[in-house]
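Spelled out, the chains give:
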Amino acid sequence: MSETTAKEKPLTHYRKLLSDGLWTNNAGLVQLLGLCPLLAVTTTTINGLGLGLATTLTLIISNLMVSSIRNFISQEIRIPVFVLIIASTVTGIELAMNAWFHELFLVLGIFIPLIVTNCAIIGRAEAFASRNSLLPALVDAISMGVGFTLLLMLLGGLRELFGFGTLFAQSDLMFGEGAEWMTITLIEDYRGFLLAILPPGAFIGLGLIIAAKNRIDQRMTEAVSARTALQPQTA
Amino acid sequence: MVSKMVPHNSSSTTKEMATVIFAMLPGLFALGWIFGPGVWIHVAIVVPTAMVAEAAILLIRGRNPINELNDLSAILTALLLAASLPPLLPWWMTLLGTLFAIILAKQLYGGLGQNPFNPAMIGYVILLVSFPLEMTSWLPAAGIQGEPLSWTAASQVIFGTGPTTVDTLTGATPLGGLKTGLIQGLTLQESLLKLPNGLLAGPGWEWINIAFLVGGLILLFTRTISWHIPLSVLGGLFLTALIFNLIDPNSYATPLYHLLSGGIMLGAFFIATDPVTASTTPMGRIWFGVGIGVLDYIIRTWGGYPDAVAFSVLLMNMFAPLIDHFTQPTIYGGNREARP
Numbered sequence: 001m002s003e004t005t006a007k008e009k010p011l012t013h014y015r016k017l018l019s020d021g022l023w024t025n026n027a028g029l030v031q032l033l034g035l036c037p038l039l040a041v042t043t044t045t046i047n048g049l050g051l052g053l054a055t056t057l058t059l060i061i062s063n064l065m066v067s068s069i070r071n072f073i074s075q076e077i078r079i080p081v082f083v084l085i086i087a088s089t090v091t092g093i094e095l096a097m098n099a100w101f102h103e104l105f106l107v108l109g110i111f112i113p114l115i116v117t118n119c120a121i122i123g124r125a126e127a128f129a130s131r132n133s134l135l136p137a138l139v140d141a142i143s144m145g146v147g148f149t150l151l152l153m154l155l156g157g158l159r160e161l162f163g164f165g166t167l168f169a170q171s172d173l174m175f176g177e178g179a180e181w182m183t184i185t186l187i188e189d190y191r192g193f194l195l196a197i198l199p200p201g202a203f204i205g206l207g208l209i210i211a212a213k214n215r216i217d218q219r220m221t222e223a224v225s226a227r228t229a230l231q232p233q234t235a
Numbered sequence: 001m002v003s004k005m006v007p008h009n010s011s012s013t014t015k016e017m018a019t020v021i022f023a024m025l026p027g028l029f030a031l032g033w034i035f036g037p038g039v040w041i042h043v044a045i046v047v048p049t050a051m052v053a054e055a056a057i058l059l060i061r062g063r064n065p066i067n068e069l070n071d072l073s074a075i076l077t078a079l080l081l082a083a084s085l086p087p088l089l090p091w092w093m094t095l096l097g098t099l100f101a102i103i104l105a106k107q108l109y110g111g112l113g114q115n116p117f118n119p120a121m122i123g124y125v126i127l128l129v130s131f132p133l134e135m136t137s138w139l140p141a142a143g144i145q146g147e148p149l150s151w152t153a154a155s156q157v158i159f160g161t162g163p164t165t166v167d168t169l170t171g172a173t174p175l176g177g178l179k180t181g182l183i184q185g186l187t188l189q190e191s192l193l194k195l196p197n198g199l200l201a202g203p204g205w206e207w208i209n210i211a212f213l214v215g216g217l218i219l220l221f222t223r224t225i226s227w228h229i230p231l232s233v234l235g236g237l238f239l240t241a242l243i244f245n246l247i248d249p250n251s252y253a254t255p256l257y258h259l260l261s262g263g264i265m266l267g268a269f270f271i272a273t274d275p276v277t278a279s280t281t282p283m284g285r286i287w288f289g290v291g292i293g294v295l296d297y298i299i300r301t302w303g304g305y306p307d308a309v310a311f312s313v314l315l316m317n318m319f320a321p322l323i324d325h326f327t328q329p330t331i332y333g334g335n336r337e338a339r340p
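So the sequences go chain by chain: A and B.
The opening residue of the first sequence carries number 1 in my numbering; numbering runs sequentially from there.
The opening residue of the second sequence carries number 1 in my numbering; numbering runs sequentially from there.
It is worth saying that the hints were derived from the structure and are not from the lab.
The model shown is predicted, which means the values in this text are computed figures rather than measured ones.
Mixed in with the good hints, there may be bad ones.
Stated by the list, open to error - A few chain A residues that face chain B, going by a derived Cβ cut-off under 8 Å, partial list only:
| no. | residue |
| --- | --- |
| 1 | Phe193 |
| 2 | Leu194 |
| 3 | Leu195 |
| 4 | Leu198 |
What the hints assert, rightly or not - Each pair of labels, with its calculated beta carbon distance range:
| no. | chain 1 | residue 1 | chain 2 | residue 2 | range |
| --- | --- | --- | --- | --- | --- |
| 5 | B | Pro275 | A | Ala127 | 42 to 50 Å |
| 6 | B | Leu246 | A | Gly123 | 26 to 34 Å |
| 7 | A | Phe72 | B | Gly304 | 53 to 61 Å |
For every residue, glycine included, the Cβ atom is placed at its ideal position computed from N, Cα and C.
This is chain A alone, in the form it adopts within the complex (with noise of 0.2 Å):
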């Protein structure tokens, strides 16, 4: 969590939130919160999709809020308040998704109400939005939420490809009617793999997708280092 004002250096200040979020610092890889989630809806990449965005656009209302009010709580009741703001603001998406994705709505069912309960939310909350003023905090609910997006699409697109051997499946349901040429079979005739898509799939998917970032990151470490170890030889 950076705690640093973003009067220093506002540009790499920004871009630090915004590779927090994304990458270093990822509400899912990183910091495993908003699990329930993540494992109960990534079935495909469309619902992925959905859930991401309802949770970015939660995240992006809840950390305005919490900013701009953040000088009048009271440290005591800090918390109930954010809980009040964030309930609020996923029963009025809830509404709006019934009303105008009716189907997705359907589909993404109880985890729509539970974005409540997300950790990520009340964590951005309580560790940024409440110590930083309207931009950063928008910024760090926006690379938050499009990391966590891009999560939820990654492992959906992959248990939808190795359960369904498709992708993008049931795209009107998100983009309307005239949507369905975005789906992908990547395998005719594919008889489907159930693992993918039962619970167990979610989980070591996600243990995978973990596996690869760190090796990813381990990977860019070394590289750093042998770059910086030669300098003093070349110099």
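Dock chain B against the given chain A, drawing on the hints supplied.
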């Protein structure tokens, strides 16, 4: 917690594994006799796959594969899986199950001695939940009911190259057929009459279980395994079955039927006794085994699957560290209350 020390790359591990593999032979021959050559085709698929997968992961982990393949544990895992699979399973499912068993359930946890779950059973369960139809289609016991299946027919079905398909040959296991009959409201005797005749537990299965029992006794007499786990698995199943059979003989099969059905002997002697994933204390082994026996009965009788050795073993694998924690034997001199 008791450390699960499995001496690695030592000749004692290799010798132990070789004994277990040898003791599996009677059971494998029985399977081959009753269900035709499909079993041997599976063995020919799983053993090389397991060895290649293990060697590849060991290379990636920067280890010397020759040293660690020597302990034969990958071959044993492969054989246990082959003995559990339906004899005419398509080849690629067999391959997939082996890869999951070796890579996911064994090597990703750190290799032999580190895996909390029995690798062969993980491979089996992954296939069972993914392909329920194929994994519950068993051949009628051809070996004792007429023409045994030829090698060509078996390989045609397994590799999908010929006109013989699995639908024309297979059916449910006796345990599965019994359950279907009971669900349809028939009494036990009526359900058993609808099945092809068998001595006790459906045709063929009693011979397979007796053959694995023989192999298990070899393991006991060579002191490769201790008596605690197999006896308590069989005892737990026997007693539970006896209680329910006495309460209502029309709905619950006899204890002997349960002891000679499905994969219980293979499970009790070869799978539950895996030194890495079982409990290690003497009392703990008894609790572990009783748990497997009782769970097997519960899932067989009221669960959705006809047999449940794999699920019971995996569930009890999960409890093994806890059981070990509560059953630590008192060290000599550790009990101050006791007077000689």
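Outcome of the hint check:
The restraint placing A:Phe193 at the interface with chain B holds, with a minimum CB-CB distance near 6 Å, inside the 8 Å limit. For A:Leu194, the interface hint holds, the least distance from its beta-carbon to any beta-carbon of chain B being 4 Å, beneath 8 Å. Interface hint at A:Leu195: satisfied, since its Cβ lies 4 Å from the closest Cβ of chain B, which is below the 8 Å cut-off. A distance limit of 8 Å between C-beta atoms decides the matter here; for A:Leu198 the minimum to chain B is near 6 Å, and the interface restraint holds.
For B:Pro275 and A:Ala127, the Cβ-Cβ distance of about 46 Å falls inside the hinted range of 42 to 50 Å, so the restraint holds. Checked against the given bound of 26 to 34 Å, the beta carbons of B:Leu246 and A:Gly123, roughly 57 Å apart, lie outside it. The given range of 53 to 61 Å is respected by A:Phe72 and B:Gly304, whose C-beta atoms sit roughly 56 Å from each other.
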